[in-house]
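Residues 1 to 180 (my numbering) make up the sequence shown, in order.
No wet-lab data here; the hints were simulated from the structure.
Small disclaimer: the values here were computed from a predicted structure and weren't measured.
Every residue gets a Cβ at the ideal spot worked out from N, C-alpha and C, and that includes glycine.
Careful, some of the hints might be misleading.
As the list claims (entries may be wrong) - Simulated restraints, written as ranges between beta carbons of each label pair:
1. Arg89 x Asp55: 29 to 35 Å
2. Asp19 x Pro98: 20 to 26 Å
3. Gly110 x Asp55: 14 to 20 Å
4. Ala30 x Ser9: 28 to 34 Å
5. Phe48 x Ala70: 41 to 47 Å
6. Pro145 x Ser9: 35 to 41 Å
7. Arg113 x Thr151: 27 to 33 Å
8. Asp19 x Met146: 32 to 38 Å
9. Ser51 x Gly31: 34 to 40 Å
10. Asp75 x Arg169: 17 to 23 Å
11. Met146 x Thr53: 39 to 45 Å
12. Leu67 x Gly116: 16 to 22 Å
13. Arg125 x Leu38: 20 to 26 Å
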Amino acid sequence: MPTTASDRSRCFIALGPDDDTRARLAALGAGLPPARLLPADLHLTLAFLGSLTPDHETRLRAALAPLARALPVLDGQSLELWPQPARPRVAVASFSLPAPLRRLVEDTQGIVRGMGLPVEGRPFRPHVTLARFKAGQAMPDLPRPMPAIPTARFGTLGLYASAPAGSERRYAALFRFDLA
Numbered sequence: 001m002p003t004t005a006s007d008r009s010r011c012f013i014a015l016g017p018d019d020d021t022r023a024r025l026a027a028l029g030a031g032l033p034p035a036r037l038l039p040a041d042l043h044l045t046l047a048f049l050g051s052l053t054p055d056h057e058t059r060l061r062a063a064l065a066p067l068a069r070a071l072p073v074l075d076g077q078s079l080e081l082w083p084q085p086a087r088p089r090v091a092v093a094s095f096s097l098p099a100p101l102r103r104l105v106e107d108t109q110g111i112v113r114g115m116g117l118p119v120e121g122r123p124f125r126p127h128v129t130l131a132r133f134k135a136g137q138a139m140p141d142l143p144r145p146m147p148a149i150p151t152a153r154f155g156t157l158g159l160y161a162s163a164p165a166g167s168e169r170r171y172a173a174l175f176r177f178d179l180a
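Start from the sequences, fold in the hints, and give me the full structure.
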């Protein structure tokens, strides 16, 4: 039976990296402590949504389709520990924010707002999460010097949801559009 947004409590809109970018980011993540994400789970989140109804999913599919257009290559910036380097929850690869990506984020947030869904108040910071750390876990040993972040291309725009407990993957794509 196909997965739907109503099956999931944590949905989000994200860009999926192309195969080359996914492989390079996965290689970067392989040098991090054991909480790294699977290559198939790597993505760049544009908007967190929470729980969705089937109607929301249908409306999002129609509204996001016209936004699926090619984006420029994103320049890699740095490997960062969030929210605080001394007590990180995640290790992320951060990227530049060119005007076309900024417009895509603004358009996506407009769609989300127009559907009556909340939009995060924090400024958008383009990044891909490479590893997650358990609460209270000691500061992980990171490679020194810090590795360079590669440029990145993204090939899809889609709606994702947290995968069911016990799944190998952390996220499941509910739908995706190729970026033209």
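The hints, checked one at a time:
no. : hint                        : in the structure
1   : Arg89 x Asp55: 29 to 35 Å   : 33 Å, holds
2   : Asp19 x Pro98: 20 to 26 Å   : 21 Å, holds
3   : Gly110 x Asp55: 14 to 20 Å  : 18 Å, holds
4   : Ala30 x Ser9: 28 to 34 Å    : 30 Å, holds
5   : Phe48 x Ala70: 41 to 47 Å   : 24 Å, violated
6   : Pro145 x Ser9: 35 to 41 Å   : 40 Å, holds
7   : Arg113 x Thr151: 27 to 33 Å : 31 Å, holds
8   : Asp19 x Met146: 32 to 38 Å  : 25 Å, violated
9   : Ser51 x Gly31: 34 to 40 Å   : 35 Å, holds
10  : Asp75 x Arg169: 17 to 23 Å  : 28 Å, violated
11  : Met146 x Thr53: 39 to 45 Å  : 43 Å, holds
12  : Leu67 x Gly116: 16 to 22 Å  : 19 Å, holds
13  : Arg125 x Leu38: 20 to 26 Å  : 23 Å, holds
When held up to the earlier numbered hints, the structure conflicts with 5, 8 and 10 and fits the remainder.
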